[in-house]
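Student: Model the full assembly from the supplied sequences, consistent with the hints where possible.
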Amino acid sequence: MPGKKKTAKKRATKKKVTAKKATVNVVRSLTYRGSKIEVVAKAVANEVQVDGKAVVTSRDADTGAYISREAPYIHYGSLEEVAQAVIDAKQEE
Amino acid sequence: MNVRKNAASLSTLEWERLLGAIITLKHTFAAGSTVSVYDQFVAIHMGVTALTGAQTVDGAHGGPAFLPWHREYLKRMEQALQSVDPRVSIPYWNWGLGGDAETVPLFQDARMGPMGSGGANGNQVMSGYFAQAPNAFNPLGWTIHTALRPFPGAALQRNSSLDTSTAWPDPNWPGPWSSATAITTILAQPTFNLFRPALEWPPHGIVHVRMGRHMTAMTSPNDPIFFLHHAQVDRLWARWQQTHPGSVNYNPLGTGGTGHQLMDDIWPWDAGASQTTAAVGTLLPSYPSTDTVKPVDVLDHRALGYCYDDEPNCPCPDAAVIPPQPGAIHGEAAPGLDIPDNVPQGVVSNIQIAQAGSLADITVGVDITHTYRGDLRVTLVAPSGVTAELQSPMNDPTPNLQRTFGPVSSPDLANFVQGQISIQGQWTLHVSDNFSRDVGRLNSWSLDLSAS
Numbered sequence: 004m005p006g007k008k009k010t011a012k013k014r015a016t017k018k019k020v021t022a023k024k025a026t027v028n029v030v031r032s033l034t035y036r037g038s039k040i041e042v043v044a045k046a047v048a049n050e051v052q053v054d055g056k057a058v059v060t061s062r063d064a065d066t067g068a069y070i071s072r073e074a075p076y077i078h079y080g081s082l083e084e085v086a087q088a089v090i091d092a093k094q095e096e
Numbered sequence: 004m005n006v007r008k009n010a011a012s013l014s015t016l017e018w019e020r021l022l023g024a025i026i027t028l029k030h031t032f033a034a035g036s037t038v039s040v041y042d043q044f045v046a047i048h049m050g051v052t053a054l055t056g057a058q059t060v061d062g063a064h065g066g067p068a069f070l071p072w073h074r075e076y077l078k079r080m081e082q083a084l085q086s087v088d089p090r091v092s093i094p095y096w097n098w099g100l101g102g103d104a105e106t107v108p109l110f111q112d113a114r115m116g117p118m119g120s121g122g123a124n125g126n127q128v129m130s131g132y133f134a135q136a137p138n139a140f141n142p143l144g145w146t147i148h149t150a151l152r153p154f155p156g157a158a159l160q161r162n163s164s165l166d167t168s169t170a171w172p173d174p175n176w177p178g179p180w181s182s183a184t185a186i187t188t189i190l191a192q193p194t195f196n197l198f199r200p201a202l203e204w205p206p207h208g209i210v211h212v213r214m215g216r217h218m219t220a221m222t223s224p225n226d227p228i229f230f231l232h233h234a235q236v237d238r239l240w241a242r243w244q245q246t247h248p249g250s251v252n253y254n255p256l257g258t259g260g261t262g263h264q265l266m267d268d269i270w271p272w273d274a275g276a277s278q279t280t281a282a283v284g285t286l287l288p289s290y291p292s293t294d295t296v297k298p299v300d301v302l303d304h305r306a307l308g309y310c311y312d313d314e315p316n317c318p319c320p321d322a323a324v325i326p327p328q329p330g331a332i333h334g335e336a337a338p339g340l341d342i343p344d345n346v347p348q349g350v351v352s353n354i355q356i357a358q359a360g361s362l363a364d365i366t367v368g369v370d371i372t373h374t375y376r377g378d379l380r381v382t383l384v385a386p387s388g389v390t391a392e393l394q395s396p397m398n399d400p401t402p403n404l405q406r407t408f409g410p411v412s413s414p415d416l417a418n419f420v421q422g423q424i425s426i427q428g429q430w431t432l433h434v435s436d437n438f439s440r441d442v443g444r445l446n447s448w449s450l451d452l453s454a455s
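One line per chain: the protein sequences are Y and E, in this order.
Numbering-wise, this note's numbering puts 74 at position 71 of the first sequence, and it's gapless, one number per residue.
Numbering-wise, this note's numbering puts 116 at position 113 of the second sequence, and it's gapless, one number per residue.
Bear in mind the hints are in silico, worked out from the structure with no lab data behind them.
For clarity, every value in this text was computed on a predicted model and none was experimentally measured.
There could be a bad hint or two in this list.
As the list claims (entries may be wrong) - Distance windows between CB atoms, simulated:
#1 Y:A46 to E:P315: 44 to 54 Å
#2 Y:R36 to E:A136: 32 to 42 Å
#3 Y:A46 to E:T55: 13 to 23 Å
#4 E:P338 to Y:K93: 52 to 62 Å
#5 Y:K93 to E:D344: 50 to 60 Å
#6 E:A363 to Y:R36: 51 to 61 Å
#7 E:N398 to Y:N49: 49 to 59 Å
#8 E:N316 to Y:A46: 45 to 55 Å
#9 E:Q111 to Y:K93: 31 to 41 Å
#10 E:A34 to Y:A46: 39 to 49 Å
#11 E:N124 to Y:V30: 28 to 38 Å
#12 E:D313 to Y:G55: 45 to 55 Å
#13 Y:K45 to E:R152: 24 to 34 Å
#14 E:Y290 to Y:K45: 31 to 41 Å
Glycine is no exception: its CB is placed at the ideal position from the N, C-alpha and C atoms.
Tutor: This is the structure:
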């Protein structure tokens, strides 16, 4: 059945392309206390996600430090530090 | 002029008034609202961090408006407290001195309450005015509003240890809370755009973090220590402004976007130009469109009607914080009586009031040394013979009873006021020890009455 073989090959190729698209925007990733932290490139600025969920962040207007209402009152040097603080806070609960 | 004093210098009477006003706001509801006046303030602080419309960034943190926004916010809270008791000002917690002498005295039952010690995680505040369970200080208890809880549980939560000096490895902040040297450095910053971030972090932020739990969330005003902390932040800004009179003192670089500029309206006093999330929006008070505030409106704190007790030309703190009230009457006695052990008859002490009038307000101060205050029953008998039980025997091993009682902390005293009882004649304090072994002494007591 040569025809069927061809179809199977095509499907496999399509699957591969989809998987590649999903990871293309991830700039950095790490695992912290069992959670996956990913810094994702976005049009305006990089975004950090914890287990696929975006963490709300912004930059201090004068220093450029990262801040977040999800882990407030601390100025962070990187998006990963923000994500780690969010994970710490959740695990404290 | 309204004087904000160092919290470490407040008298017991001033604490009673301040804490009584806070408790009253926590249980005062605007018409048709299920959110108390106090909790509306918590919601405002939460709401300003998530704005859409004219403003798209946090309107109160991480930018120049951090200082003017919180100045306006505290002013409005102070006005709300003064609607309960016009003699109240928000005191400042002077953590800038870096010593526990300024800090530890605040965390007592009769003041801002202790750090966390109970509950499943050991972080619940278990005694004083802000404990969840009703107690002698606060018969109504302190409960976090269900929609304003950053984590499960109705009780106020704080770190379980006051000494967090080893928990924060920041070389710039080696002390338990702060450093006088670091504050001096911050106050020396030459421009607002350097001063504001230097104050916001670390000293402002580190106090939130070290208090822990509720103070670490954007609903941090759930913990009333928030207001004493931010009075200190505001005081340092006022001091910086006074020492930099020749400089442009607000955001000369124009950083921060909409809502952070000198002439921008700041949310929620912006005539509806920005909105917060729908969930928080339902908790907020409504402000008329004419009630708008810009940073330029709050640059001069004295023009807002207050000053700090250690700044030049601030009126005498005692005169300003406790203005003479029409009909105010004071009486005191220092009998120095030993309280017999396990004798219900106890001891009595009298104060004679010569003036006539109907009771409008009352504060009773007691100073009793005792090795186990839970043994004590303390009762006040008015000239007409009606009685108010100020303290009942209970399982409380804490030594000594040195505090004031007022209509907020004592329902019986509230009944005295409501009944407008006559103040003229003999007032009697009855103190008894009702269990064996521990003993004590009635050192002194006082009466502060207002009559109409």
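Student: Taking the hints in turn, state whether each one holds.
Tutor: Here is how each hint holds up against the structure:
1. Y:A46 to E:P315: 44 to 54 Å: Because 53 Å falls inside the window, the suggested range holds.
2. Y:R36 to E:A136: 32 to 42 Å: Taking Cβ atoms as reference, Y:R36 and E:A136 lie about 34 Å apart, which means the hint holds.
3. Y:A46 to E:T55: 13 to 23 Å: holds, 19 Å
4. E:P338 to Y:K93: 52 to 62 Å: The hint (52 to 62 Å, Cβ to Cβ) holds, given that E:P338 and Y:K93 are roughly 57 Å apart.
5. Y:K93 to E:D344: 50 to 60 Å: holds, 53 Å
6. E:A363 to Y:R36: 51 to 61 Å: Roughly 58 Å apart at Cβ, these two residues keep to the hinted range, so it holds.
7. E:N398 to Y:N49: 49 to 59 Å: holds, 57 Å
8. E:N316 to Y:A46: 45 to 55 Å: Taking Cβ atoms as reference, E:N316 and Y:A46 lie about 54 Å apart, which means the hint holds.
9. E:Q111 to Y:K93: 31 to 41 Å: holds, 33 Å
10. E:A34 to Y:A46: 39 to 49 Å: holds, 47 Å
11. E:N124 to Y:V30: 28 to 38 Å: holds, 36 Å
12. E:D313 to Y:G55: 45 to 55 Å: holds, 52 Å
13. Y:K45 to E:R152: 24 to 34 Å: holds, 31 Å
14. E:Y290 to Y:K45: 31 to 41 Å: holds, 35 Å
Of the hints listed earlier, there is not a single one the structure fails to meet.
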